[in-house]
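Protein chains: 2
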Amino acid sequence: MSRSEIAAVNRQFEDAARKADLDRLASLYTPDAMAFPPDGPIVKGRDNIKQMWGSVAQQMGLKDIRLSTLDFEQAGDTGYEVGEATLTLSGGTAVVKFVVVWKKVDGQWRLHRDIWNAKNG
Amino acid sequence: MSRSEIAAVNRQFEDAARKADLDRLASLYTPDAMAFPPDGPIVKGRDNIKQMWGSVAQQMGLKDIRLSTLDFEQAGDTGYEVGEATLTLSGGTAVVKFVVVWKKVDGQWRLHRDIWNAKNG
Chain D
4 MSRSEIAAVN
14 RQFEDAARKA
24 DLDRLASLYT
34 PDAMAFPPDG
44 PIVKGRDNIK
54 QMWGSVAQQM
64 GLKDIRLSTL
74 DFEQAGDTGY
84 EVGEATLTLS
94 GGTAVVKFVV
104 VWKKVDGQWR
114 LHRDIWNAKN
124 G
Chain W
4 MSRSEIAAVN
14 RQFEDAARKA
24 DLDRLASLYT
34 PDAMAFPPDG
44 PIVKGRDNIK
54 QMWGSVAQQM
64 GLKDIRLSTL
74 DFEQAGDTGY
84 EVGEATLTLS
94 GGTAVVKFVV
104 VWKKVDGQWR
114 LHRDIWNAKN
124 G
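Protein sequence lines correspond, in order, to chains D and W.
Counting from 1 along the first sequence, just add 3 to a position and that's the residue number in this note's numbering.
Counting from 1 along the second sequence, just add 3 to a position and that's the residue number in this note's numbering.
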């Protein structure tokens, strides 16, 4: 059941990214989430994660993102996902691999730790 | 208790890396572990992870590694750690941030998912 719940949140994530709806994107993270963009420090909390996505979207010209879950395991109210994301950017396409630690907060699965890096050198 | 157990495994990891003991390094991962080196595909299983560390050690001239745990949360036999690693390389020092999903297998905590990226651009 949780895997389908997480898939639903991932579809919301894609939709929010496509529409550059940064508030909605940030709301899919836990309040004390951490994101780990390559070549920068750890980003903590929804406000900072919202700003990070704003910068990423602007700098890279993010137009679309597709998330593909390769593996998901659950332990109580925590789950961890392995996947790949295909980003459509103004300059072309980038593929990244990621690990997301999910946490169920107030009955909803939210991204709690979000780290990625490039799939190709 | 688990945080100290994981710290002990991290000290073993550092020691094995320093001695380029790839078998011992690989043994600290679960049999079905996945590692996510930047700029490459997902690496699955101990044998492939062993080879990956051999390549990394050789290509980068890895001399020393220091792991620093910034956060650890546990959910049953799973835990997830956030940290930073300082690598002493032949050409200088590199700092990476990482997320490790730990899993307790046969009574021992082992790295199950291991992903990192550069802290500085």
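None of these hints come from the bench; they were simulated from the model.
Fair warning: there could be bad hints in the mix.
With a Cα cut of at most 20 Å, we get these calculated SDA-like pairs of lysine to any residue [claimed, not checked]:
id	chain 1	residue 1	chain 2	residue 2
1	W	66	W	87
2	D	47	W	98
3	D	122	W	44
4	W	22	W	47
5	W	107	D	80
6	D	47	W	55
7	W	107	W	62
8	W	107	D	79
9	W	47	D	73
10	W	122	D	43
11	D	107	W	80
12	D	107	D	49
13	D	107	W	79
14	D	47	W	122
15	D	107	D	14
16	W	122	D	99
17	D	122	D	90
18	D	22	D	47
19	D	53	D	73
20	W	122	D	41
21	D	66	D	35
22	D	122	W	55
23	W	66	W	107
As the structure is a computational prediction, the values presented were derived from the model and not from experiment.
Hint-by-hint comparison with the structure:
1. For a cut-off of 20 Å, the pair hint linking residue 66 (chain W) to residue 87 (chain W) stands: about 17 Å separates their Cα positions.
2. A distance of roughly 18 Å separates the Cα atoms of residue 47 (chain D) and residue 98 (chain W); the hinted pair therefore holds under the 20 Å criterion.
3. This hinted pair checks out: residue 122 (chain D) and residue 44 (chain W) have alpha carbons roughly 5 Å apart, not beyond 20 Å.
4. Taking the CA atoms of residue 22 (chain W) and residue 47 (chain W), the gap is near 23 Å; set against the 20 Å cutoff, the hint is violated.
5. Under the criterion of a C-alpha separation no larger than 20 Å, the hint pairing residue 107 (chain W) with residue 80 (chain D) is consistent with the structure, at around 17 Å.
6. A hinted pair counts as satisfied when its Cα atoms are at most 20 Å apart, and residue 47 (chain D) with residue 55 (chain W) does not qualify at roughly 30 Å.
7. With a C-alpha separation of about 32 Å, the suggested pairing of residue 107 (chain W) with residue 62 (chain W) is violated against the 20 Å cut-off.
8. For the given pair, residue 107 (chain W) sits about 15 Å from residue 79 (chain D) by alpha-carbon distance, which is consistent with the 20 Å threshold.
9. Proposed proximity of residue 47 (chain W) and residue 73 (chain D) is supported: the alpha carbons are some 12 Å apart, at most 20 Å.
10. A C-alpha spacing of about 5 Å is found between residue 122 (chain W) and residue 43 (chain D), which places the hinted pair at or below 20 Å, so the restraint holds.
11. Proposed proximity of residue 107 (chain D) and residue 80 (chain W) is supported: the alpha carbons are some 17 Å apart, at most 20 Å.
12. Annotation: proposed proximity of residue 107 (chain D) to residue 49 (chain D) holds, straight-line Cα distance about 16 Å (limit 20 Å).
13. A C-alpha spacing of about 15 Å is found between residue 107 (chain D) and residue 79 (chain W), which places the hinted pair at or below 20 Å, so the restraint holds.
14. Restraint check: the Cα-Cα separation between residue 47 (chain D) and residue 122 (chain W) comes to about 14 Å, which is no more than 20 Å; the hinted pair holds.
15. As the CA atoms of residue 107 (chain D) and residue 14 (chain D) are separated by approximately 17 Å, the hinted pair is consistent with the 20 Å bound.
16. The straight-line distance between the Cα atoms of residue 122 (chain W) and residue 99 (chain D) is roughly 17 Å, inside the 20 Å bound, and the hint therefore holds.
17. Restraint check: the Cα-Cα separation between residue 122 (chain D) and residue 90 (chain D) comes to about 12 Å, which is no more than 20 Å; the hinted pair holds.
18. Restraint check for residue 22 (chain D) and residue 47 (chain D): not satisfied, since their Cα atoms lie roughly 23 Å apart, outside the 20 Å limit.
19. Restraint check for residue 53 (chain D) and residue 73 (chain D): not satisfied, since their Cα atoms lie roughly 26 Å apart, outside the 20 Å limit.
20. Simply put, residue 122 (chain W) and residue 41 (chain D) have alpha-carbon atoms about 7 Å apart, close enough for the 20 Å limit, and the pair holds.
21. Among the hinted pairs, residue 66 (chain D) with residue 35 (chain D) is inconsistent with the structure: their alpha-carbon atoms are about 27 Å apart, more than 20 Å.
22. The hinted pair formed by residue 122 (chain D) and residue 55 (chain W) meets the criterion: a straight-line CA distance of about 15 Å does not exceed 20 Å.
23. With a C-alpha separation of about 29 Å, the suggested pairing of residue 66 (chain W) with residue 107 (chain W) is violated against the 20 Å cut-off.
Going down the numbered hints, you'll see the structure goes against 4, 6, 7, 18, 19, 21 and 23, while the others check out.
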